[in-house]
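Engineer: Single-letter residue listing:
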Amino acid sequence: MPRLVIDDLEIEVPKGTKVIDAAERLGIMIPRFCYHEALGAVGACRMCAVKFIQGPFKGIQMSCMIDAQDGMIVSTTDQEAVDFRKRVIEWLMINHPHDCPVCDEGGQCLLQDETVSSGHARRRYPGKKRTYRNQYLGPFIAHEMNRCIHCYRCSRYYQEFSGYRDLGPLQIGNRLYFGRFKEGRLESPYSGNLVDICPTGVYTDIPARYKVRRWDLQRSPSVCIHCALGCNTIGNAHYRAVMRVEARMNPYVNGYFLCDEGRFGFSYTNGGADHAQRPWTSKIGGADVTVEAALAESSSKLSEIAAVYGPEAIVALGSARNSLETQSMLSRLCRRKGWLGPVWFTDTAVYRKVRSAVERLDSGIAVSMREIEFADFVIIAGADLLNEAPMAAIAVRQASRKNAQIVVIDPRPISLPFEFRHVPAVPGQIERCLGSLVKGSISKEELKGLDSAAKGFCKALPAKFGDKESGISIPELADQLMASRRPVIVCGTGIVSESTPALAADCAQLLRESGKKAGLFYILPGASSFSSALLSGPDAKGFAEILSEIEQGSIKALIAAESDPFRDFPDRERLDKALSQLDLLVAIDYLPTETVKRASVFLPSSTVFEMNSTFVNPEGRVQHAERVHAGGVPIWGAHPPRIVRNFIPGGDHQPAWEILWKISAETSVLESVLTLGELIAAEMPAFEATGKAQYPVNQARIIPEKSEGSFVKPKTRPEQGQKPKGFNLLLTDRIFASREPSVYADTLEGVFPEPALFMHSEDAAAAGLSDGDTVSVGLEPGSIEVKLSVSERMARGVLILPRQKGIEWQRMKDFSAWIALERIRKI
Amino acid sequence: MAQPLVLFKNRHPNRAATLDEYKQSGGYEALQKFVGGKVDPGEVIRLVDESGLRGRGGAGFPAGKKWEAVPKDAPFPRYLVANADEMEPGTFKDRILLHTDPHCIIEGMILAAYAFSATKGFFFVRPSYDSSAVIMERELEVARGAGFLGKNILGSGYSFDIVVHRSGGRYICGEATALLNAIMGKRPNPIKPPPYPTEKGLWDRPTVVNNVETLACVPHILRNGPQWFKDLAITPKGAGTKLFCVSGKVNSPGAEELPMGTPLREIIEKHFGGMIPGSEFKACLPGGASTRFLTRDHYDVPMDFEDLKAIGNRLGTAAIMIFDQKTCMVATAHNLMRFFARESCGWCTPCREGLPYMRELLWLIENGEGKEEYIDTLRSMCKQVWNSYCALAPGAAEPVISLLDFFEDEVREHIRLKGCPFHAKAGN
Amino acid sequence: MWWILGLVLLIMKLIIVISVLFGFAAYMVLVERKLLGRFQIRYGPNRVGPFGLLQPLADGIKLIIKEDFVPRTADRLVFLTAPAVVAAVPLVITAVIPFSDDLTIGGTRIPMVITDLNIGMLFVLALASLAVYGIALGGWASNSKYSLLGAIRGSAQLISYELSMGLSLVPVVMLAGSFSLVDIVNAQERLPFILVQPVSFVIFLISAMAESNRIPFDLPESENELIGGFHTEYSGMRFGLFFVGEYVSMIVLGALTAVFFLGGWRGPILPSLFWFLLKTMLIPLFFIWTRATLPRLRYDQLMHLGWKFLLPVALVNIVVTGGVMLFMGW
Amino acid sequence: MAKEKSVLRDLLDDVMGLADSYAVTLKHLFRKPITEQYPDFKRLLPARSRGRIILTRDPEGEERCVACYLCSAVCPTDCISIEGAERKDGRRYPLWFRINFARCIYCGMCEEACPTLAIQLTPDFEFSKYGVLDFLYEKEDLLVDHQGKNADYDYYRHAGVSVEGDKGEHINEKPPVDVKSNLP
Amino acid sequence: MLSEELKQKLRTMIADAESPREKAVDVMLEIQERHLWMSDEAMEEASDLLGMSPLELDELATFYDFIYRSPVGNYVIHVCDSAMCWLEGHQRVMDYISIRANVPIGGTSPDGLFTLLPVCCIGYCDRAPAMVINRRVYGKLTPEKIDRILDKLAGENEFHPPE
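Chains as they are written, first to last, in the working numbering: chain A, 1 to 827; chain B, 1 to 428; chain C, 1 to 330; chain D, 1 to 184; chain E, 1 to 163.
There could be a bad hint or two in this list.
To be verified - Straight-line C-alpha distance at most 20 Å; calculated EDC-like pairs for lysine to aspartate or glutamate: (1) B:Lys200 to E:Glu18; (2) E:Lys140 to E:Asp95; (3) B:Lys72 to B:Asp204; (4) A:Lys128 to D:Glu173.
Hints were generated in silico from the structure; no laboratory data involved. The structure presented is a predicted model; accordingly, all values stated were derived computationally and were not measured.
Given these sequences and hints, build the entire structure.
Structural biologist: See below:
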């Protein structure tokens with residue numbers, strides 16, 4: 001622990017801390033451009049020069065390049081250092097254009113701040129300014145190279161940190177240019193971070209272009225709900241519209257960064273560019289009414305139905321984008337009023353997988369994304385990180401940069417921004433592959449040291465997974481796994497079998513008992529699926545059962561709280577028919593979903609930006625999102641009226657839990673437990689440990705010290721004989737285009753990947769199909785027409801169908817389907 | 001005193017010495033003795049260390065020390081890089097050496113590699129020396145044929161091979177760490193140690209980068225002993241001979257091998273035919289473009305690392321560029337600054353933005369648009385570019401520093417006259 | 001019969017005096033604004049009528065038609081009556097002021113005073129100290145911190161200066177040998193008391209200024225710290241009453257000064273009423289002049305002046321006067 | 001006795017001081033007023049006097065305002081509201097620009113902050129209306145057809161971002177760097 | 001656009017190296033031998049061979065002096081303009097070549113034969129002024145010598161038209 005003195009203040013810092021960071025701990029902000037904690041020091045900008053008065057280094061040195069050492073005496077205010085920094089600013093400013101007024105960075109520009117603080121105000125350089133031509137970099141990022149100060153942050157972030165190779169430095173000397181080989185959209189789905197990382201306005205945010213200045217924004221800490229990871233964000237609102245979303249530093253979750261889906265997929269909350277897409281007003285039977293009327297209508301209808309048919313004729317639906325508050329309220333109401341539900345997942349199988357995953361996490365084994373970065377062996381089983389949880393891919397990349405071996409066991413044609421070994425196993429084989437990999441890594445001595453349960457489990461693991469199937473030597477990987485110290489298993493809950501999450505947990509447990517610091521991370525299907533799994537009992541009814549009860553006529557009313565079965569349920573025709581039999585369909589939502597359109601009573605709810613809400617991420621971390629603004633139809637884009645009103649147009653929305661509470665006519669729900677925090681604590685015992693009195697809870701983890709039930713002997717199923725000439729159709733998520741808030745965000749429309757059905761190239765060849773063909777896939781209720789994309793890097797015998805916009809996949813009987821070869825036809 | 005010829009003893013006009021010629025002059029004896037005789041590599045390092053051989057590429061770092069810095073337990077493969085990417089204006093000694101005695105370099109490389117058990121050698125050569133690269137490739141094949149190179153050299157069990165790596169041509173590639181990046185196919189930006197290339201160089205393996213001339217000295221040291229090498233120099237602290245490249249206003253510009261410490265006057269007047277008729281010595285750069293001017297006052301200074309250091313200068317590459325009284329020093333400084341500004345890799349601010357700034361000021365002064373305050377700006381900037389990432393910018397500042405030290409009157413004259421008193425346009 | 005005539009005369013006198021007083025007060029506002037303008041090298045009001053002569057009329061109309069606003073938290077009754085108290089008190093004082101030599105009509109001497117009270121001066125002093133009730137009540141009833149502060153200041157100020165004012169009049173009584181104002185005027189047949197009692201005059205003048213809350217003693221109002229002080233919350237004609245009250249009391253104080261020190265209506269050649277009015281007007285004019293000249297005192301200075309300077313000087317003056325009278329054998 | 005003397009002297013000084021000030025005001029009473037009879041006589045105001053605000057145009061007749069929000073940021077009474085927008089050619093302009101003159105205190109900070117010299121205060125100070133909403137001035141009301149002060153200034157000639165044409169065409173700029181150039 | 005034969009040659013070249021990237025410059029120089037300069041298509045194909053992204057190759061191509069990313073003539077004349085050559089009159093040489101071969105400084109002659117570019121020190125200071133033409137160096141230039149060289153090159157070209 002070196003001790004050093006900076007500006008007469010003494011500090012002790014951990015070994016390896018840079019002087020610039022040591023100063024920051026003391027509250028001394030040494031100016032910097034190229035240095036960034038996540039990217040490290042490269043000493044390019046020379047802005048962080050300070051004077052070393054005593055110690056191993058003397059004179060002007062870059063504080064970002066030097067590790068703190070004992071006996072250093074450093075002055076940041078020494079005249080020589082100040083003069084030098086001022087000169088650096090002068091050098092940087094000789095070519096910087098005079099365009100702050102038309103630059104979106106103005107007001108939040110590091111260069112602007114440091115130029116002002118250095119006192120450089122007058123241009124002395126007699127020469128002319130260098131100029132550059134800009135490039136088109138896609139719909140998210142605007143490029144203005146004239147402003148560049150060549151700190152290399154963008155290329156270091158883009159190439160080294162995020163692992164994409166289409167943006168970098170060109171030319172030499174003072175003609176240095178940061179751009180692409182040719183104009184075009186940036187390939188990285190993490191490109192938005194360039195905006196944050198650039199110290200000046202070279203890369204600016206196009207959705208927020210020319211709209212607002214930083215000082216006019218209402219900013220609040222928020223949480224991203226586009227996928228389960230719960231990345232921390234800052235919501236920025238102005239004129240009743242969310243203008244942009246920035247990454248908020250959280251060392252355990254997302255670090256400094258954010259994926260493009262989370263960053264640019266916010267426009268659903270504004271109702272799109274014309275603000276018309278979001279349902280702003282309450283409706284009864286499609287006609288606009290006041291909130292009070294809608295509340296009264298739904299409330300009276302519900303009690304009517306309850307009186308006539310009994311409370312069990314009412315069913316409540318929740319979803320994976322409900323806040324924890326809404327979920328707790330739903331669960332409480334269902335219990336007290338005797339309603340059916342709440343049903344969180346449309347697919348019961350997914351629910352069971354999530355539940356078994358959540359049950360198996362404990363604080364010893366659950367790792368955060370930060371801890372994944374320090375893993376030295378990562379097994380990704382049944383998860384397509386880039387499409388399902390983009391920031392997790394970035395975390396794994398950091399591990400990969402530290403030379404960790406990455407193994408992906410998944411049938412999909414996975415692409416990730418780092419090197420990995422891909423075992424294209426079909427879902428049924430993922431367990432075998434994972435099991436044999438883990439089993440192979442347990443040495444004989446280690447096996448002896450295990451207790452009986454673990455030993456039994458280990459023995460029951462499948463011994464072999466043929467190299468033939470994967471083309472990769474599992475024993476070789478197992479040897480590497482054996483040598484690792486901190487392996488992490490990342491397990492998906494999408495396409496895998498129902499027993500896989502538990503098996504992954506057992507494997508991680510086994511690795512831990514064999515003396516490794518093993519970790520486990522689940523990729524869950526939605527922002528709040530963790531808490532919904534905690535809230536629902538083991539005997540919860542599935543949506544399909546509910547649907548048949550509706551068909552039978554025993555259910556008369558349905559309350560859909562931010563839930564849209566039309567998005568998730570595969571058989572649209574059946575759903576259509578069933579829901580039209582209902583007496584009452586109450587929809588509470590902020591998205592213009594199909595359910596909202598068909599609701600007999602609609603009540604607008606608040607988005608995450610418009611209320612205080614809580615979400616639990618897949619490692620059990622409770623995160624609180626604060627309200628950013630009050631909401632309402634944005635003023636943005638049209639001339640504001642001159643009239644004086646005492647209400648906000650579109651300001652009728654309220655948090656879904658509040659609406660539920662009001663329509664339940666159950667005033668005692670809140671009164672009896674007094675506060676929202678106590679409601680949550682009462683519904684979720686796991687919450688108790690975090691201290692219910694301190695609601696809102698932020699950053700506490702609600703997972704037990706030790707989970708129960710482990711080492712269930714895996715079923716050593718016999719190899720399912722390949723059915724002749726047929727395919728297993730798998731539905732998957734795709735970045736930007738398939739998750740719920742994103743598909744309603746028109747900002748993302750420009751980057752939707754082309755709809756495609758994926759198929760192994762050999763399978764395609766056997767079926768006489770080739771890449772780019774439009775094929776028709778015959779299913780029972782109807783057929784799907786889609787473009788075919790073939791790949792060699794995926795499992796054989798499966799068809800991958802993203803549930804994305806542009807594919808009418810809801811013509812299936814169930815969530816998976818077996819397609820005979822002859823039902824795939826080229827058209 | 002007779003001129004001791006070590007590196008140039010096989011000098012033939014217009015052709016390079018062949019393997020046989022080299023062998024006749026005692027070539028490959030050291031290789032036979034040390035590699036063939038499986039002498040402990042530590043012995044090689046000790047001898048070279050003792051001889052006082054210092055890097056001939058400009059920095060003057062003791063060669064033996066560099067080899068010693070490779071950790072004994074470092075992983076294999078290890079690499080040796082011969083740096084023939086001389087791009088310093090005024091320097092051409094490596095080209096002359098290559099065209100004179102390529103085997104001397106090859107043997108030097110093998111011995112150096114042997115000293116720290118390198119497994120592969122890179123001969124890094126710049127594009128305008130393509131003829132040298134061709135010669136080198138040809139002679140490497142010859143050496144391989146003779147069993148001096150390749151697997152199991154001379155039956156010693158030690159294997160080493162050399163490949164010629166052609167550069168795309170940039171001054172910064174001559175910097176050791178940038179050179180390594182260039183070989184690896186990355187952008188040739190310098191990297192500030194630690195880690196030192198001797199620990200983590202090419203592909204994170206130990207790598208030693210030596211100048212071609214340094215390597216060429218090694219066989220001779222090992223053959224004749226360190227003391228012999230030391231005695232070659234005139235000055236007590238110097239060691240060996242040095243290839244002096246003299247260009248500019250002398251009668252016979254070129255490269256000659258002279259003992260370390262030969263005085264400047266003797267070099268110019270005796271060995272390079274004196275100043276051309278009608279010219280008087282005004283100033284010279286003693287070691288390439290990134291050194292300070294020597295004026296008439298320094299005419300008798302011995303050309304050695306230490307002696308030049310004593311007067312605040314550097315021997316650099318010992319490329320002496322001689323300017324006569326008709327040369328405008330401001331224009332010269334501008335030309336040099338233009339060179340450096342152009343060749344900056346663009347990594348750090350002082351070099352990327354500071355050098356063009358200084359070039360602009362010098363250009364304005366030369367063209368009669370100068371102002372008095374530019375002199376102060378130049379002075380302070382010369383000091384400030386020292387805080388740059390690598391040594392390019394400090395090197396670039398050297399001529400300007402000495403311009404302002406020794407020729408301030410001339411600069412002020414430019415400003416006063418609003419134009420160049422020499423009427424020589426610098427060109428842009 | 002006598003008493004009927006007396007009643008008629010009394011009513012006539014009352015009507016004449018009150019209307020003259022109000023007329024003077026209204027025009028005093030104009031005079032003040034005009035004079036202040038001239039003191040500051042500008043014109044003053046000159047837009048309404050010739051030379052701005054109709055300005056008081058315009059002001060009056062404005063005040064009457066303005067919204068009469070009562071703060072929600074105010075004590076309504078007190079709030080409404082307070083201005084009346086302020087306006088009424090100086091009017092009552094005029095009852096004992098002799099404004100001219102007796103008028104003889106048809107052999108009947110009609111005294112040119114509404115009522116010649118033998119304790120006139122005590123009456124005057126008593127009523128003068130009543131005026132502060134208006135201020136205190138108005139300020140308190142407004143339920144506003146500024147008003148309350150103004151009211152407290154007003155009361156404190158009044159107590160401080162009432163004392164020296166009363167003491168400054170003791171020598172006058174001693175010299176006149178009577179409390180009746182008519183007698184006091186008569187006592188100055190030879191010499192106005194200002195010449196006999198200059199110190200008393202100065203103390204009286206300063207105290208009068210302080211009593212009427214005029215600059216430099218306008219701390220209860222001080223616009224720039226209390227935004228009007230006790231009348232912050234008042235508007236319309238109620239404010240107007242405060243306003244008029246201040247000017248009426250200025251005139252009344254002028255009249256009292258004339259009676260006590262300047263020999264009342266006495267004067268050569270010109271009719272006595274004219275002399276009285278002239279002398280009466282001198283004092284308000286001096287007040288206006290002072291307003292144009294002096295800045296407001298600080299509160300501690302105000303207290304200092306009242307208690308540590310005026311009061312001792314007044315006491316010393318009484319002693320000296322008494323001594324001289326004893327010595328001279330008056 | 002010296003002390004008492006000084007008390008008397010103080011008193012005398014005070015009285016003399018008072019007398020002096022009374023004399024000054026009295027003297028003023030007899031001076032001719034310097035008042036200008038405003039509605040009858042209107043003085044010509046200097047160009048920099050701060051009255052009603054206008055938005056000027058650049059020499060090419062384009063709106064100078066680029067909706068940089070500096071005026072609204074600096075405004076101490078928050079009387080300016082703007083929404084920026086982008087023209088097809090990339091030029092920034094205010095979609096709408098509203099000044100609430102009922103709030104404006106004519107401090108001129110907006111003019112000082114304006115980097116493009118778009119917002120300017122004019123000597124027009126006679127500015128009263130019957131309705132408070134009439135004080136809401138929109139861009140159409142504010143925008144004038146001239147350059148106001150500094151007629152020659154054209155921000156987009158200095159900006160360094162190109163709106164029309166290529167980079168490097170603004171004042172004091174080099175031609176754009178050609179990334180593929182063969183020149184050293 | 002690269003011929004299969006050239007690609008094969010480049011593949012073997014790359015296979016020899018420690019890592020493919022090492023040969024980036026050699027590959028580009030080799031392609032320039034045939035195609036004079038690195039067009040975008042050439043860059044894309046070369047980067048494919050090297051296992052780099054086109055941008056990564058472009059990072060190198062634009063860095064180096066002797067890799068041409070803009071079209072050049074059959075002969076690229078690099079006239080040294082650093083200290084010694086400058087002292088000995090590089091400007092005169094430039095001007096002379098420019099007029100003689102009808103080629104603008106920094107550009108290509110209309111017949112596509114010559115491109116005239118300045119270059120930083122080429123290490124022939126003893127033979128200043130000097131120039132490099134297609135990696136061959138000519139020193140101690142005089143008008144007569146330049147005439148001779150240019151005539152010879154122009155003559156050669158008639159018999160060996162470049163691809």
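Engineer: Below or equal to 20 Å on CA atoms is what counts here, so check B:Lys200 against E:Glu18.
Structural biologist: holds, 16 Å
Engineer: Holds or violated: A:Lys128 and D:Glu173, Cα atoms, limit 20 Å.
Structural biologist: holds, 5 Å
Engineer: Next pair to validate is E:Lys140 with E:Asp95; report whether the Cα-Cα distance is within 20 Å.
Structural biologist: holds, 16 Å
Engineer: Given the hint that B:Lys72 pairs with B:Asp204, test it: the Cα-Cα distance must not exceed 20 Å.
Structural biologist: holds, 16 Å
Of the numbered hints given earlier, the model fails none.
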